[in-house]
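Chemist: Model the placement of chain R on the given structure of chain A, informed by the hints.
Those protein sequences? They're chains A and R, same order as listed.
For the first sequence, my numbering assigns the number 1 to the initial residue and increments by one for each residue that follows.
For the second sequence, my numbering assigns the number 1001 to the initial residue and increments by one for each residue that follows.
Because the hints were derived from the structure by calculation, they are not lab data.
The C-beta atom is built at its ideal place from N, Cα and C for all residues, glycine as well.
Among these hints, one or two may not hold up.
[Unchecked claim] Taking CB as the label site, the calculated pair distances span:
no.	chain 1	residue 1	chain 2	residue 2	range
1	R	Phe1483	A	Gly32	52 to 62 angstroms
2	A	Met16	R	Ala1172	34 to 44 angstroms
3	A	Asp99	R	Asp1547	45 to 55 angstroms
4	R	Ala1546	A	Arg21	28 to 38 angstroms
5	A	Lys51	R	Pro1531	16 to 26 angstroms
6	A	Asp48	R	Leu1184	43 to 53 angstroms
7	R	Met1001	A	Lys51	44 to 54 angstroms
8	R	Glu1174	A	Asp99	23 to 33 angstroms
9	R	Gln1013	A	Arg60	52 to 62 angstroms
10	A	Glu50	R	Leu1184	40 to 50 angstroms
11	R	Ser1283	A	Arg90	47 to 57 angstroms
12	A	Met16	R	Met1001	32 to 42 angstroms
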Amino acid sequence: MMLLVYDQPGVMQRVMGEFNRKRINVETIVVGKCEMPERARIVLAIEDREKALGVLEHLRALHEVIEADLVDHSRHEAYALIQSKEGLCRVTGSVEEVDSIVTKSKPEKYVQTMNAI
Amino acid sequence: MKGARAVVELLRQQNVDIMFGIPGGVLLSFYNELEQSDIRHILPRHEQCAGHMADGYARVSKKPGVCIATSGPGATNLVTGVATAFMDSSPVIALTGQVATGVLGNDAFQEADAFSLMMPVTKHNFRITDPKLLPETIRKAFLIATTGRYGPVHVDIPVDMFTSDISDEEMAKEVKIPKPKKNLSGLLDAIKLLEKAERPTIMVGGGVAWSRAGPEIMRLAELLMAPVVTTLMAKGSVPENHPLVLGVCGMHGRQVANYALNNCDVLLAIGTRFSDRVTGKLSEFGTKTKVVHVDIDSSEIGKNVKGRVGLVGDAWTVVNALIAGLQRRTKSATWRDRMMELNRECSCDYDLRSDPIKPQKVIFELSKNLPDDAIVTTEVGQNQMWAAHFYKCYGKRMFITSGGLGTMGFGFPAALGAKLARPESVVADIAGDGSLQMVSHEFATAVENDIPVIVCLLNNGWLGMVKQWQKLFYESRYIATKFGGTPDFVKLAEAYGADAIKVERHSEVAEAIKRGVKSDVPILLDFVIDPEEDVLPMTPPGKTSADCIRGRCQWKGEVV
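Excised from the complex, chain A in its bound form (with noise of 0.2 angstroms):
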């Protein structure tokens, strides 16, 4: 899902707030600074279809939420950061390619996210 949100404090949890009161647990959440002044992008990702689009309507309707829409993840990319013993390690690639890379390499430490970059 894409979001295109003015920047400024309180939106995240007026976000948030909406996944939490349909009881959508978000896999990942990527935001930062886009193309536009004063705007922000939010991309997450949500496993069921379905469930998002339940929360899609009633995040168009918030006064901070510019757009909102579904994105399909044609290409599955995830991204994670690994810590082990050698040192800090960053993933790039498929789902599966980066899944199975941080499965094998047991590290200590490592964030995952997936489809939302």
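Modeler: Relative to chain A, chain R alone:
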């Protein structure tokens, strides 16, 4: 000018002539400016009631009601009032003071995160941390509250905003918000469905009350030969003395209204969100029905009931568009005649003449003796359902109740707000003794500000609705529903300087109400009613009409 003066001026620009609130440390500079303005200020005895008063005022005047509370406990107390307005889509502007921006988040005295607290119970809310944005934020708040689907907007204002300088340029800044989307692309499909319908029924909700589309709904009903059922929120938006209006549907609704809902082939639902109190078991609702769902809020379409056609737009516009598109037709004349017949049969005699007084008798006499422009508010519980089921609302009468949130203690302060919005009308609050005890201190506000409302107390000494559920679903194991010691309500009202009458015989009910109507001071009518009387008929939660508990109800129509 200073921020405090700016806020007062902005309120004046929005045509605010009355507001409800309780001051506090962080609001002193604002109140100092308010004192020098011509805005009338009402001081309730609890912030929750400030919210309900603003809400009642908004529901009657159809323009924003303004309430204000101080930081911390003032703001937390206000939450219930704002949440009530949110669930019933009422345009309330809630202002709260806040600790200074420099100490925000440091647990300063009377700090509560009002911005976060209010977020899920408002249409939108703001926290002003830059004085430059103060004027446009206040303007936006009013615009948002009254654009599209109405709703409460909260503005959290730290104390230093009130003392900052605001330039003329900032004061003059105009604001715009995006127009709500309309989507009438399904209009032709809707018209086709309705023209083919053999048993069409119109269901109207709170949206129709807000857009004042009642007369257009009745034109459409006559054109379609369709009966009209209302939700609790729409009661009063269509005249209940019209033979096509079947009254309130749902859990405690009239059987003829539920019959129409269950037996129609096409349901035109306008401005309603299909609450569980209306639909009963959702999976069973509308399985045989093609639903055309009209709502101003696109997120309501398909939320609870998946319709065949969804139309996004305000009730008045869409209904007029439907009228313009429909051909006159006679296909459903049989259905119409049958529903009007059933409607007559369903109008039972509830002029119950026995002692102790039956609550239905009190509602009967209120229907009979209140003027044609009376405003009735209710509390929440049995009193509300008796009123919804038995009170006849037509002409200029209004019915105001907390439908979505079901807030006990709403009716009395809302009645005060309503009376201030329409002083020429008689305003009566139908109350229960449980609800009234939550807000009885507002007699002080009513007396102090000379707001003559009638409080019709249906006094049975119980939290009656909960008791009824304990009786029906928990084998009469009563706990925490009987009031061990209830006050002498007559003395209580008199202690505040209001008038009061105790009524213990059915023969005295009408006389008491007539006296209430004539009273020019706040008056309490303490009707001591039969504690054994339940609100029936009742469709148990999560069940269908087939499982309806009838009680006195004589409904002879079929079940499904």
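Chemist: For every hint, state whether the structure bears it out.
Modeler: Comparing the hints with the structure gives:
1. R/Phe1483 with A/Gly32: 52 to 62 angstroms: holds, 58 angstroms
2. A/Met16 with R/Ala1172: 34 to 44 angstroms: holds, 36 angstroms
3. A/Asp99 with R/Asp1547: 45 to 55 angstroms: holds, 50 angstroms
4. R/Ala1546 with A/Arg21: 28 to 38 angstroms: holds, 33 angstroms
5. A/Lys51 with R/Pro1531: 16 to 26 angstroms: At roughly 46 angstroms between Cβ atoms, R/Pro1531 and A/Lys51 fall outside 16 to 26 angstroms, so the hint is violated.
6. A/Asp48 with R/Leu1184: 43 to 53 angstroms: violated, 31 angstroms
7. R/Met1001 with A/Lys51: 44 to 54 angstroms: holds, 49 angstroms
8. R/Glu1174 with A/Asp99: 23 to 33 angstroms: The hinted range 23 to 33 angstroms is violated for R/Glu1174 and A/Asp99, with Cβ atoms some 53 angstroms apart.
9. R/Gln1013 with A/Arg60: 52 to 62 angstroms: violated, 30 angstroms
10. A/Glu50 with R/Leu1184: 40 to 50 angstroms: violated, 26 angstroms
11. R/Ser1283 with A/Arg90: 47 to 57 angstroms: At 48 angstroms between Cβs, range holds.
12. A/Met16 with R/Met1001: 32 to 42 angstroms: Since the Cβ atoms of A/Met16 and R/Met1001 sit about 38 angstroms apart, the hinted range of 32 to 42 angstroms holds.
Hint check: violations occur at hints 5, 6, 8, 9 and 10; the rest are consistent with the structure.
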